[in-house]
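**Q** Spelled out, the chains give:
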Amino acid sequence: MKPHTLSVLVENKPGVLSRVTGLFSRRGFNIESLAVGTCEESGTSRITIVCIGDDAQIEQVIKQLNKLIDVIKVSDITENDRVERELALIKVNADPGSSRAEIMQIASIFRAHIIDVGTKTVVLSVAGDTEKIDALEKLLRQYGVKELVRTGRIAILRGAKTVKSSK
Amino acid sequence: MKTGAKILIEGLQREGVETIFGYPGGVVLPIYDELYNSSLRHILVRHEQAAAHAADGFARASGRVGVCLATSGPGACNLVTGIATAYMDSVPIVALTGQVPTSLLGNDAFQESDITGITLPVTKHNYLVKRTEDLGHVIREAFYISRTGRQGPVLIDLPKDVSTKEISYEFPENDEVNLRGYQPTYKGHSRQIDKAIEMIMEAERPLFYIGGGVIASNASEELVRLAEMLGIPVTTTLMGLGAIPCDHPLNLGMLGMHGTRFANYAVTESDLLISIGVRFDDRVTGKLDTFASQARIIHVDIDPAEIGKNKRVDVPIVGDSKSVLQDMLAKIQKKKTYQQWQSRIHSWKEKYPMKYPQDGMLRPQFVIEQLSELLDGEGVIVSEVGQNQMWTAQYFCFRHPRSWITSGGLGTMGYGFPAAMGAHFARPDQVVFDIAGDGSFQMNIQELGTVSHYQIPVKVAILNNRFLGMVRQWQELFYDRRYSYTELPPVDFVKIANAYGIDGIRVEDCGDVRSALKTAIETDGPFVLDFRVEREENVFPMVPAGAAINEMIGGYTE
Numbered sequence: 001m002k003p004h005t006l007s008v009l010v011e012n013k014p015g016v017l018s019r020v021t022g023l024f025s026r027r028g029f030n031i032e033s034l035a036v037g038t039c040e041e042s043g044t045s046r047i048t049i050v051c052i053g054d055d056a057q058i059e060q061v062i063k064q065l066n067k068l069i070d071v072i073k074v075s076d077i078t079e080n081d082r083v084e085r086e087l088a089l090i091k092v093n094a095d096p097g098s099s100r101a102e103i104m105q106i107a108s109i110f111r112a113h114i115i116d117v118g119t120k121t122v123v124l125s126v127a128g129d130t131e132k133i134d135a136l137e138k139l140l141r142q143y144g145v146k147e148l149v150r151t152g153r154i155a156i157l158r159g160a161k162t163v164k165s166s167k
Numbered sequence: 168m169k170t171g172a173k174i175l176i177e178g179l180q181r182e183g184v185e186t187i188f189g190y191p192g193g194v195v196l197p198i199y200d201e202l203y204n205s206s207l208r209h210i211l212v213r214h215e216q217a218a219a220h221a222a223d224g225f226a227r228a229s230g231r232v233g234v235c236l237a238t239s240g241p242g243a244c245n246l247v248t249g250i251a252t253a254y255m256d257s258v259p260i261v262a263l264t265g266q267v268p269t270s271l272l273g274n275d276a277f278q279e280s281d282i283t284g285i286t287l288p289v290t291k292h293n294y295l296v297k298r299t300e301d302l303g304h305v306i307r308e309a310f311y312i313s314r315t316g317r318q319g320p321v322l323i324d325l326p327k328d329v330s331t332k333e334i335s336y337e338f339p340e341n342d343e344v345n346l347r348g349y350q351p352t353y354k355g356h357s358r359q360i361d362k363a364i365e366m367i368m369e370a371e372r373p374l375f376y377i378g379g380g381v382i383a384s385n386a387s388e389e390l391v392r393l394a395e396m397l398g399i400p401v402t403t404t405l406m407g408l409g410a411i412p413c414d415h416p417l418n419l420g421m422l423g424m425h426g427t428r429f430a431n432y433a434v435t436e437s438d439l440l441i442s443i444g445v446r447f448d449d450r451v452t453g454k455l456d457t458f459a460s461q462a463r464i465i466h467v468d469i470d471p472a473e474i475g476k477n478k479r480v481d482v483p484i485v486g487d488s489k490s491v492l493q494d495m496l497a498k499i500q501k502k503k504t505y506q507q508w509q510s511r512i513h514s515w516k517e518k519y520p521m522k523y524p525q526d527g528m529l530r531p532q533f534v535i536e537q538l539s540e541l542l543d544g545e546g547v548i549v550s551e552v553g554q555n556q557m558w559t560a561q562y563f564c565f566r567h568p569r570s571w572i573t574s575g576g577l578g579t580m581g582y583g584f585p586a587a588m589g590a591h592f593a594r595p596d597q598v599v600f601d602i603a604g605d606g607s608f609q610m611n612i613q614e615l616g617t618v619s620h621y622q623i624p625v626k627v628a629i630l631n632n633r634f635l636g637m638v639r640q641w642q643e644l645f646y647d648r649r650y651s652y653t654e655l656p657p658v659d660f661v662k663i664a665n666a667y668g669i670d671g672i673r674v675e676d677c678g679d680v681r682s683a684l685k686t687a688i689e690t691d692g693p694f695v696l697d698f699r700v701e702r703e704e705n706v707f708p709m710v711p712a713g714a715a716i717n718e719m720i721g722g723y724t725e
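As you go down the protein sequences, you meet chains Y and H in turn.
Heads up: the first sequence at position 161 corresponds to 161 in the working numbering, and the numbers run straight through without jumps.
Heads up: the second sequence at position 495 corresponds to 662 in the working numbering, and the numbers run straight through without jumps.
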């Protein structure tokens, strides 16, 4: 059982997301994260799904996804050389004074940006792989994380290779 | 200028539709108004569920797409069981539903239900048409998706304003469907087929395990030729009955929970299972890890998701059964006979025949046997679900594909009677029987109104035991005979039939079975036969849930 990253190219039609997510819940597959948005081809969207399962389960997920009429292509890029990123927005307690300075220091180590400063809080924006965001969140907990929003992972292959509609 | 409703009717006719089953209502008024002048035949059912089952029965009997129509909200919701039934058995139907006007969508308007949302998990695909301009192409696409690849139900939801809007529209001459996300594979991979043939040549105890996919792809002829050429025995699933004539020397009948002992023993001892158009369903395999545990497995299916879903497969072949079987026939040079294996199977057949007590009591198996003898392989036999279904599968001798119609995957009680109506419109030349139980017949008994109205000559043979028989059987065997809510009070079905203007006979004596069946067959219109059968007869042999399929109980008497 390990996380798999699936890149799913779909027709940008109403209901396509519920077709995809409905399939996961119906067949008892677990989604760890899901990110969706339009992509380079007009009329299509790309969904990046991270799901956990053994090889047989993942094979079923892919086959079942492929059966959906609006799904153009499914690629399991877990074994490929790829770049993965996730964006998180974190609202942290930061009273003016020492803790605020510490938070700013931590932010700069993680290459996070402070995108909002309030009287009692700051908002950090950080992009990176899941581990990096987890690590930053852990460090910030001591100051009190008031709200945390994550986009879910997106991934792209390194080099010239692409995940395209050849199906 | 054409309304959406007109485009719909024209679109259906362009797909070759002649008969549809439906029930009118508020938002489909514009469609019904268009139907009024059209040459399409519309059969008014008495409940929308029956419209879906009738479309399904039509599709299974004919191999063509069946069509049903219902209004929004309750009408659409009533179709759901029928759509799910078709989905589980991969039956091509197109369901048309009315919807509230687009301006009211999502507003909890009167008779609004999110039918595309509701049917998402039980359709192959569905559409909510928001522009009249799209309708013509959606119809084409829906029929294409329904009848190609692994067939299945497709639903089109039509808001009222889409039906009423007038546009200038001509159907394109060449309206080809090209879906980049949907390109089914028909031709099997050549090297995989070679590998399969190699395995067949190496095997000593090969066995064909055949399912509904062979019926759906009209591949029975190829199957029988290949089986005969190689002398390989054939067992079929419930859905595969009729793929090989029941009395063919290579036929072992049905396998699985209520299969024959010889079929289940053959699976257990086989060293090569050639599985075609099947899905290793739990009612077939019993305990999975003991199922065909000595065998290597070849699996041919048009749906790649079925291959390796339940059981590890040695040679997967994605493709249409007919095409793959044709390729195999063309490639196999050497003829082989499996003498030892055949004689082993023959000895099981001798030792464990399908039997029930011959004691002069009116037993349901006897009724089926008599009907089978009278029809001699002809006719279309439809069943309800439960004991009636299993006895028919066990004791009726099917000789042709598409002569047996039953709800396999979903096991829908109440399916048989309306499906039989649909089957009649597909095969008007054939006598159509619905083998029913008193429980399941009462689930869609209102369709007596429809068969009477149109004089649809469906013959209903009720195996009336005043029990929900299959559940009662399980209660007897596994719940200490505690018959919790499975006993039904007596019903005079002949009187009910008479009230609808339909003739019927009650049969209480073994000696009257044959003449009653004859009367039903010879009567022109619909007919109801009420057989008062032995109340606590069981379906044997039987594999208890979760057991290995060679661990069967009952059904064998010295």
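Treat the hints loosely; a few may be bogus.
Claimed, not checked - Covered by chain H, per the in silico footprint, the following chain Y stretches (three or more residues, Cβ under 8 Å):
1. 13 to 21
2. 59 to 65
Claimed, not checked - Simulated restraints, written as ranges between beta carbons of each label pair:
3. H/K362 <-> Y/A56: 19 to 25 Å
4. Y/L148 <-> H/R298: 53 to 59 Å
5. H/G273 <-> Y/E147: 26 to 32 Å
6. H/D361 <-> Y/A160: 45 to 51 Å
7. H/P268 <-> Y/A56: 42 to 48 Å
Worth flagging that the hints you see were computed from the coordinates, not collected in a lab.
Just so it is clear, CB atoms sit at the ideal spot from N, CA and C, and this is done for glycine as well.
**Q** Taking the hints in turn, state whether each one holds.
**A** How the hints compare with the structure:
1. 13 to 21: As far as the segment 13 to 21 of chain Y goes, the hint holds, because 4 residues have Cβ atoms under 8 Å from chain H.
2. 59 to 65: With 4 residues in contact (Cβ-Cβ under 8 Å with chain H), the coverage given for the segment 59 to 65 of chain Y holds.
3. H/K362 <-> Y/A56: 19 to 25 Å: With a Cβ separation near 22 Å, H/K362 and Y/A56 satisfy 19 to 25 Å, so the hint holds.
4. Y/L148 <-> H/R298: 53 to 59 Å: For Y/L148 and H/R298 the Cβ distance comes to about 42 Å; the hint is violated.
5. H/G273 <-> Y/E147: 26 to 32 Å: About 30 Å separates the Cβ atoms of H/G273 and Y/E147, which means 26 to 32 Å holds.
6. H/D361 <-> Y/A160: 45 to 51 Å: violated (36 Å)
7. H/P268 <-> Y/A56: 42 to 48 Å: Given range 42 to 48 Å: holds, Cβ gap about 47 Å.
Hints 4, 6, counting from the list given before, are not met by this structure.
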